[in-house]
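Fit chain B to the given chain A structure using the hints.
There are 2 protein chains.
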Amino acid sequence: MAAQSCDSVPEQGGEPGVALRARLADFTKTFDRHLDEFLRPGSDVPPQLADAMRYSVLAPGKRLRPYLVTRCCELVGGRAEDAWHGGAAIECVHAFSLIHDDLPAMDNDDLRRGQPTCHKRFGEALAILAGDALLALAFELLTKHTPDAGVAAGLVLELAQATGWTGMIGGQTADVLGETQPPELARVAYIHARKTGCLLTAACRLGGRLGGAAEATLAALGAYGRDLGRAFQIADDILDITSTPAALGKTVGKDAAAGKQTYPRCVGVEASQAAARSAAREAIAHLGAFGPEAADLRALADYAVDRSY
Amino acid sequence: MAAQSCDSVPEQGGEPGVALRARLADFTKTFDRHLDEFLRPGSDVPPQLADAMRYSVLAPGKRLRPYLVTRCCELVGGRAEDAWHGGAAIECVHAFSLIHDDLPAMDNDDLRRGQPTCHKRFGEALAILAGDALLALAFELLTKHTPDAGVAAGLVLELAQATGWTGMIGGQTADVLGETQPPELARVAYIHARKTGCLLTAACRLGGRLGGAAEATLAALGAYGRDLGRAFQIADDILDITSTPAALGKTVGKDAAAGKQTYPRCVGVEASQAAARSAAREAIAHLGAFGPEAADLRALADYAVDRSY
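Protein chains in written order, with my numbering: chain A, 97 to 405; chain B, 97 to 405.
Hints listed in this document are in silico derivations from the structure and should not be mistaken for laboratory results. You can take every hint at face value.
Because identical chains cannot be distinguished in the list, a pair is counted as satisfied if it fits within a single copy or across any two copies.
Capping the alpha-carbon separation at 30 Å, the derived lysine-lysine pairs in DSS-like fashion look like this: (1) 125 - 240; (2) 350 - 216; (3) 216 - 356; (4) 216 - 125; (5) 216 - 158; (6) 125 - 158; (7) 158 - 356; (8) 350 - 158.
This is chain A alone, in the form it adopts within the complex (with noise of 0.2 Å):
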């Protein structure tokens, strides 16, 4: 199939974000037809499971991190074909743990993406299992997907340890204790680099590895993801207190009620927005070494800071 993605550079000028935003839907529309491929279930899966774990990753979703992964294959030389499987592993990884972050235990929250939290849809044991179900699928989609076994087994090390103890999960564990502690910008600053830090970096150096980069490009790649991640969170944060249901598509007000760790709870409204803008800044300068051909990368950190929802 053709690389949609990659047939326009975003126009300067304008409303700042609209051709980000135009050309995001386009690579949403294509991408998202080849998830639904990767999440068609074999006749030896229980319906009911399929239908948990479709309803969650097909949701409506900015697919940012997919968009990641094939932009950054593209950008190194790669086919936006190649990248589709480690871009729909990397939404199984996102949606796995949104399901997971919503239940009564952790977050306990009853609407996502503009619709009922899967544990409210299919009740807590089905969501748990499409949670656990989902995790499993990505590393199954990266090595049956992946026709070079060397560049498989780089993916999966790399996405298990974006995932696991030391980073995504290790995140959500810091943020869920962190609900008893006294907001502290270092604690904030971990659980950021860790929820979502850590995916948006293997989402840019998976895209890199697929596309064939050598070990300095992944570098800076991850290190956009990185600092993309921060300007995103930060922004998320402030969102949750300026935002409304209906733009954001999720509850909003949950993380001062819940005693979150967040950037506004440690330095105010303000000083965060300059945080968020400096991420942003920073992610850009990691991108020194492309040309136009990075444009659309470039917006998306300054997007990640003026975003609306």
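Same frame as chain A, now just chain B:
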């Protein structure tokens, strides 16, 4: 480290299972030292998360799956030290499944391996996260410690499929959903094959792969694991009726109370015992290509049926 597990062939004669139990105990002592090493957290892992993971994985257990990985590796000419990480990976998956199965939303169990279940000890949120992190760690271990990338990728694909929607998690889903359905032998067989069979099959095949076995040998080892799993699971169903919490290290009589799909509920205890014996015989038949070096695996199939705990 020397391969203590293959230093001796179990004695014939004497009380059946005595030599095998001694051998399993020897293996466990050696293997658990390696397992402990693989479960040492870095400084960037939240200590509470590592504690919950270690509590569940390192709790005294039969280490049946790691034993199969190691012995199948040795049986095809590999060394035990090539297989420790494979055994650790599959034990992580097993512990993950126990933690999540025990959750209040699932089987709601208070006792496991003779100690309070993970969520009873650490709370539900940490138990969910510890399970998640153990699943991710399994794939990290396989790719980090397998020298040959082609072998590593094969191990990951096999374990991911045995674990995910087509495997163990699919089986657990059918098990949970089956509680509201009338007992039916086809459903019980499906649940057993997925919940237990898939991971035992994978243990044998992973061991074979780590020892460099050809495809035909992998198929025989896998078939042995599958039928061994059947024997163990039918016997477990029987023990849930006939044993005590002190002997089992977990709650008994729960299956019937929860309306679980079990063998005895479908055909009674006597026919279940016959079915378990038949499964053990079929498991042993798959080892026809091996000589006395597979005596312990044959004894293991008998032990699956004859054990009283």
